[in-house]
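Student: If you want the building blocks of each chain, they are given just below.
Number of protein chains: 2
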Amino acid sequence: MAEIGIDLQAAFVTNIMNTPSSDNTKAKDLATSLVNGDRRSLAKSITLVESRRPKDAAAASLLINAALPHAGRTVRIGLSGAPGVGKSSFIEAFGTWLISQGKRVAVLAVDPSSRRTGGSILGDKTRMVKLAQSQSAFIRPSPAGTTLGGVARRTRESIILVEAAGFDVVLVETVGVGQSETAVADMVDMFIVLVSPSGGDELQGTKRGIMELADLVIVTKADGDLMPAATRTAAEYTVALHLMKPKFKNWSPAVALVSSTLRTGVSEIWTEVQKFERHLNALQEWDNQRRRQKISWLWNELREGLLGLLTENVEIKAELTLLEKKVAGGSMAPPVAAKVILSRVLGKS
Amino acid sequence: MAEIGIDLQAAFVTNIMNTPSSDNTKAKDLATSLVNGDRRSLAKSITLVESRRPKDAAAASLLINAALPHAGRTVRIGLSGAPGVGKSSFIEAFGTWLISQGKRVAVLAVDPSSRRTGGSILGDKTRMVKLAQSQSAFIRPSPAGTTLGGVARRTRESIILVEAAGFDVVLVETVGVGQSETAVADMVDMFIVLVSPSGGDELQGTKRGIMELADLVIVTKADGDLMPAATRTAAEYTVALHLMKPKFKNWSPAVALVSSTLRTGVSEIWTEVQKFERHLNALQEWDNQRRRQKISWLWNELREGLLGLLTENVEIKAELTLLEKKVAGGSMAPPVAAKVILSRVLGKS
Numbered sequence: 038m039a040e041i042g043i044d045l046q047a048a049f050v051t052n053i054m055n056t057p058s059s060d061n062t063k064a065k066d067l068a069t070s071l072v073n074g075d076r077r078s079l080a081k082s083i084t085l086v087e088s089r090r091p092k093d094a095a096a097a098s099l100l101i102n103a104a105l106p107h108a109g110r111t112v113r114i115g116l117s118g119a120p121g122v123g124k125s126s127f128i129e130a131f132g133t134w135l136i137s138q139g140k141r142v143a144v145l146a147v148d149p150s151s152r153r154t155g156g157s158i159l160g161d162k163t164r165m166v167k168l169a170q171s172q173s174a175f176i177r178p179s180p181a182g183t184t185l186g187g188v189a190r191r192t193r194e195s196i197i198l199v200e201a202a203g204f205d206v207v208l209v210e211t212v213g214v215g216q217s218e219t220a221v222a223d224m225v226d227m228f229i230v231l232v233s234p235s236g237g238d239e240l241q242g243t244k245r246g247i248m249e250l251a252d253l254v255i256v257t258k259a260d261g262d263l264m265p266a267a268t269r270t271a272a273e274y275t276v277a278l279h280l281m282k283p284k285f286k287n288w289s290p291a292v293a294l295v296s297s298t299l300r301t302g303v304s305e306i307w308t309e310v311q312k313f314e315r316h317l318n319a320l321q322e323w324d325n326q327r328r329r330q331k332i333s334w335l336w337n338e339l340r341e342g343l344l345g346l347l348t349e350n351v352e353i354k355a356e357l358t359l360l361e362k363k364v365a366g367g368s369m370a371p372p373v374a375a376k377v378i379l380s381r382v383l384g385k386s
Numbered sequence: 038m039a040e041i042g043i044d045l046q047a048a049f050v051t052n053i054m055n056t057p058s059s060d061n062t063k064a065k066d067l068a069t070s071l072v073n074g075d076r077r078s079l080a081k082s083i084t085l086v087e088s089r090r091p092k093d094a095a096a097a098s099l100l101i102n103a104a105l106p107h108a109g110r111t112v113r114i115g116l117s118g119a120p121g122v123g124k125s126s127f128i129e130a131f132g133t134w135l136i137s138q139g140k141r142v143a144v145l146a147v148d149p150s151s152r153r154t155g156g157s158i159l160g161d162k163t164r165m166v167k168l169a170q171s172q173s174a175f176i177r178p179s180p181a182g183t184t185l186g187g188v189a190r191r192t193r194e195s196i197i198l199v200e201a202a203g204f205d206v207v208l209v210e211t212v213g214v215g216q217s218e219t220a221v222a223d224m225v226d227m228f229i230v231l232v233s234p235s236g237g238d239e240l241q242g243t244k245r246g247i248m249e250l251a252d253l254v255i256v257t258k259a260d261g262d263l264m265p266a267a268t269r270t271a272a273e274y275t276v277a278l279h280l281m282k283p284k285f286k287n288w289s290p291a292v293a294l295v296s297s298t299l300r301t302g303v304s305e306i307w308t309e310v311q312k313f314e315r316h317l318n319a320l321q322e323w324d325n326q327r328r329r330q331k332i333s334w335l336w337n338e339l340r341e342g343l344l345g346l347l348t349e350n351v352e353i354k355a356e357l358t359l360l361e362k363k364v365a366g367g368s369m370a371p372p373v374a375a376k377v378i379l380s381r382v383l384g385k386s
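Protein chains in written order, with the numbering used here: chain A, 38 to 386; chain B, 38 to 386.
Keep in mind that the hints are not guaranteed to be accurate.
Computed, partial: chain B to chain A, Cβ under 7 Å [what the hints assert, rightly or not]:
# : residue
1 : ASN102
2 : ALA277
3 : VAL310
No lab work stands behind these hints, which were simulated from the structure alone. Nothing here was measured: the structure is a model prediction, and the numbers come from that model. Here a beta-carbon is modelled for each residue, glycine too, at the ideal position from N, C-alpha and C.
Full structure from sequences and hints, please.
Tutor: Printed below as a string of structure tokens:
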């Protein structure tokens, strides 16, 4: 039934996008070798969905649709924290432990400031050397992108691809630029926030809004001289989390102490992940959350596509820029300026 | 110069919207008597902008534009907190104190669940009896509305109107349904969160995401038997706030203890407000924040107007509903479904 579904959809998409049937076949072949575990096909697939060339768009859609029935089987974990908190070290420690337990681990990243050449600081294989060497691991730096929406979309598509390729755990790393945490939280099952042991330092303070996303907090570098500070910080975060209404009924995010160097507290993180999965499944929230995320992705795409009506027409874009200045300067009320622009846009349709 | 500006804009809007010039004149007259302090004109003006009849839309726009040059001179304060925390009592106490200091106070509310008939629980004059009786106060319940966006727009327009009418302080109350706090934080200068003395109770826990918006936290009912609990809760919130990166440089939100019944801690709130205003002015952030909020309002209106392209065309709406089901069920990938819908919408324009 899934195969018929794919063909119908392929025909559907082909019809809409006028794809040559050769692209159609190429995408299906790539999907097939991807599902069969060919590592190069996975890399090629991700490169295809990251491509911004219009001619690649249709093939990418077909590929994603072909991979979709094989996706959905991993545990998706988001990892966020300020620069320097130790995300790479943790991913190396956690990833290698998971592999020692027989799991296949993919590491992706969302970093809208990533440069096209040279990759980003996230998903940097030089920082996760041992993990990068394992055949059971797949590490991919953040796609380059001009907007968070674009980077988030490509990462979501990559999640589908690594799942179709048979990985068991997907780690999605983000460094906390702009709204990237919210974007990552919207594409994972569990969102983990890493904080440094010197938690009270305002310069390194946890970015506002992260606490509300956390399903688990990890205090890093909990070893040696930093142990007392780490313990104190863990207590402070416990107080803070206790004050908040829980995201899920009867789930109070734990605060864990981890030392990536000593490898202490690492396996306990997987225990927490499994606890969380069991808890959400009991509430039927695991699947519900994924369903909500799919719809949310759809509407993100629709909103971005519609905004193109404002930014891709030269005249409208110019008028919008002019009215934006009037609004900022206080000489025109925002709702009035919006009505003017909308009447121009909608007047055309 | 402001007068010429208004006439040019009126002509502009009239031209776009084909308003009869009689509407044009009515709106200008209403604006004039509003600015002259006529209370009934203020009520009529707010009723006009809250109206959802298409024929009132053009007059409302003209009215807002005419009022705009006279606006901007109040301090706008958002007040949020769970039901039962004591918002009405605080508004009564704070409002009457401000009036005793010679200020004119307006109270508005954002409550998207408000029913069209019977008003909402917010801005309920029966709960702020003494304040409601004062000629220096103006209390308006939340506009009824089907969407938060619609309610937020009308409240923002009402802020412009009460400012043009000469009020000094605008309090905007919200009860925390959905994203209403974010909407209110985006229309005020200072966002205050009220929490109950029994802060650790998970059922009454502060809704996640509120802490990041707060410029000040008030622990209510800090009197009698509840004093020890209130003090403890204040300490917990101080710890929690300290962990977060500040919204504004060098401003750590204070945690204040207030008893509306005993009227203790109330005048101190105004002292905090003034401290905050001075601090933000020193950073030039007061005006910057207002400028950002105007632009944000413009883009909210644009986004909502564009979404209408999806929801107001019967065929497109039907197809969207169908594809939403496929996406939720996992048989179609969200970005592919979005492409299909967008090609239909944009194909028309």
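Student: Are the hints correct? Go through all of them and say.
Tutor: Here is how each hint holds up against the structure:
no., hint, verdict
1, ASN102, "holds (5 Å)"
2, ALA277, "holds (4 Å)"
3, VAL310, "violated (21 Å)"
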